[in-house]
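Student: The whole structure should be built from the sequences, with the hints applied where relevant.
Chains A and B, in that order, are what the protein sequence lines are.
Numbered as in the UniProt record's numbering, the first sequence ends at 482 without a single skipped number.
Numbered as in the UniProt record's numbering, the second sequence ends at 121 without a single skipped number.
Calculated directly from the structure, the hints in this document are not laboratory data.
Only a predicted model underlies this, so the values are computations on that prediction, with no experimental measurement involved.
No residue lacks a Cβ here, since even glycine has one placed at the ideal position from N, Cα and C.
No incorrect hints appear here.
Covered stretches of chain B, going by a simulated chain A footprint (3 or more residues, C-beta under 8 Å):
1) 10–20
2) 100–114
For each label pair, taking beta carbons as the anchor points, the in silico distance ranges come out as:
3) ALA39/B x ASP191/A: 55 to 61 Å
4) SER60/B x PHE94/A: 23 to 29 Å
5) THR27/B x THR95/A: 22 to 28 Å
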Amino acid sequence: MSNTSERISTGLVELDPILFGGFIKQSSYLIRGGPGQGKTTLGLHFLSAANPQNSALFIGFQETEEQLRANAKAVGIDVSNIHFLRLSPDEHFFTDQQGYDVFAAADVEQEPLAQSIIEAVERALPTHVFIDSMTQLRFLSADIYQYRKQVLSFLRYFRERGATVLFTSELSTELPDDDLQFIADGVITLDTAPTGSFIQVSKFRGSNFLRGPHQVRLGHRGLEVFPRPLPPKANFSEDERWRWNTDIEKLDEILGGGLEAGTISLITGPSGIGKSTLASLFVARAAAQGRKAAVYLFDEELSALLHRASSLKINLKEPLTDGRLSIEQVEPLRYLTDEFARLVMRKVEEEDVELVVLDSIAGFELTLGGSHESKTAIHALAKSLSRRGASVLLVNEVQALVGQFRISERGISYLSDNVIFMRFMEVEGELKKLLGVLKKRLSAFDTRVYTYEIGPTALSIGAPVGKQGWQNVLGGQQAVHE
Amino acid sequence: MPEIFLVMRKPGNIRVLCQALEGHGYTCTGISDKKALEARFEQPLSPDLALVDVSGFGESVWSMCELLQHKDVPFIVLSAKQELGLSSQTLRYGAASILEKPIVKTSLLKLIENMAHASAR
Numbered sequence: 001m002s003n004t005s006e007r008i009s010t011g012l013v014e015l016d017p018i019l020f021g022g023f024i025k026q027s028s029y030l031i032r033g034g035p036g037q038g039k040t041t042l043g044l045h046f047l048s049a050a051n052p053q054n055s056a057l058f059i060g061f062q063e064t065e066e067q068l069r070a071n072a073k074a075v076g077i078d079v080s081n082i083h084f085l086r087l088s089p090d091e092h093f094f095t096d097q098q099g100y101d102v103f104a105a106a107d108v109e110q111e112p113l114a115q116s117i118i119e120a121v122e123r124a125l126p127t128h129v130f131i132d133s134m135t136q137l138r139f140l141s142a143d144i145y146q147y148r149k150q151v152l153s154f155l156r157y158f159r160e161r162g163a164t165v166l167f168t169s170e171l172s173t174e175l176p177d178d179d180l181q182f183i184a185d186g187v188i189t190l191d192t193a194p195t196g197s198f199i200q201v202s203k204f205r206g207s208n209f210l211r212g213p214h215q216v217r218l219g220h221r222g223l224e225v226f227p228r229p230l231p232p233k234a235n236f237s238e239d240e241r242w243r244w245n246t247d248i249e250k251l252d253e254i255l256g257g258g259l260e261a262g263t264i265s266l267i268t269g270p271s272g273i274g275k276s277t278l279a280s281l282f283v284a285r286a287a288a289q290g291r292k293a294a295v296y297l298f299d300e301e302l303s304a305l306l307h308r309a310s311s312l313k314i315n316l317k318e319p320l321t322d323g324r325l326s327i328e329q330v331e332p333l334r335y336l337t338d339e340f341a342r343l344v345m346r347k348v349e350e351e352d353v354e355l356v357v358l359d360s361i362a363g364f365e366l367t368l369g370g371s372h373e374s375k376t377a378i379h380a381l382a383k384s385l386s387r388r389g390a391s392v393l394l395v396n397e398v399q400a401l402v403g404q405f406r407i408s409e410r411g412i413s414y415l416s417d418n419v420i421f422m423r424f425m426e427v428e429g430e431l432k433k434l435l436g437v438l439k440k441r442l443s444a445f446d447t448r449v450y451t452y453e454i455g456p457t458a459l460s461i462g463a464p465v466g467k468q469g470w471q472n473v474l475g476g477q478q479a480v481h482e
Numbered sequence: 001m002p003e004i005f006l007v008m009r010k011p012g013n014i015r016v017l018c019q020a021l022e023g024h025g026y027t028c029t030g031i032s033d034k035k036a037l038e039a040r041f042e043q044p045l046s047p048d049l050a051l052v053d054v055s056g057f058g059e060s061v062w063s064m065c066e067l068l069q070h071k072d073v074p075f076i077v078l079s080a081k082q083e084l085g086l087s088s089q090t091l092r093y094g095a096a097s098i099l100e101k102p103i104v105k106t107s108l109l110k111l112i113e114n115m116a117h118a119s120a121r
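Tutor: What follows is the structure, given as structure tokens:
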């Protein structure tokens, strides 16, 4: 039995933490997946991770060594330390009509195959072995029972020689691989969902692992894994928290002094009401106080945001130039959801960014994936940032301009520590803008609803609507002037 | 060293049978049509045994079986399952046995060994 504390890298730095440190030495792992999902690439990453004192062996039943080397080179995987044992037929099998039917394949090929493998192993003495694919052995076995015994014996042979083995299976309804899943010490599946490709660990003997699907990208850098960020267990806590404010005295008063550091805040309202402008006020103030902020725009063009901020005398350009502020316009299809989350986490951890703005949630969903996946991703990301002490501003657009009051149509208000709502109200044929605080978990706030105006400079708060003689402004009815 | 004719169309079958038989001390000669069989019989020594795979020969297989019978060469017929009915007609031409493909290698070797002993007696 292998020592579960001895780990070896998977060859993918982002996959190692999913397995709590990598593969367990001298164990065997099944890599499942349909064609083109990246099984062979994962195997090449694993073999290339063998250090120079060790040796790696690729046992291939399909591609030629030349093809494998070329494919590895194309995605930047160094295969110089890998021994290739090719067990695929050459072109003479076809041209010389070397197909046969007098004997079963098991009768003819099993013995020379075993001999070839033994010779390759004795020659290379590998610590890392990749078999692509174990399904081929099924065709060389007389029946399921023989196949199972063959595989068990095959894997034991490697284990007793100190090797860690990865082997693939070709998934199909005709040839299920349930038996291999039972045999392997671990099972890793590569598959595709509507939101993109993912990797999922479903079995890992002797160790815990991060459950659930983690997005992957198979591209010019080989296989890239993006583990979903998990919020750290310990919550960020300070007795007296720093508060983000806007430098607009009345607005900060309504907020009870501001939004506490390390909290998640939702700015919600219909299109064109000033949500991004309000977020910009927090960002500009943060920069003015020497704190770093990062804004991710999913809807609006960067130039439009800067132009509006400039016209409202909100200073974004200067902090943008000196690095206190970063604004990224996130293009559709550029990132996978978990890839984006990793990008933001790195920004916070490596560049000491303290305030993150996601503008908007609807754009986040459209740009990065389906709504259910995005909701889970936003939850994980916002919680992770918050527990690391960073603050999050989520800009949320509600579809209804007026009518029945709703915080959000996306069911994410539960996530927010603070909710600032903005909405329109019709008064005698004129649209008025209203602002109020619905929720603050950490401190008291002004519960009254205020009118406000944007421009000519930033945002100015008017009187509470009650004092202006209006009532029922959130009820969806026309405001009544008493 | 006993010699066995491998009368069959598929080079792949000749290859794997040669590998199996030569490993047990037999010499194999692959023969892929009637002309080659006739040419081989012009040589002085006759084989000890022949294996005839009926697949792919068409009508010419009967005349080859007749020739083997005429030359007193014992032969075993190899047949695919779907050709067993037709292959049974080779018994009229003196086939010692008909084996369904794929054949179990050890069974074939045992049968050949028994036939070789019988002919030696």
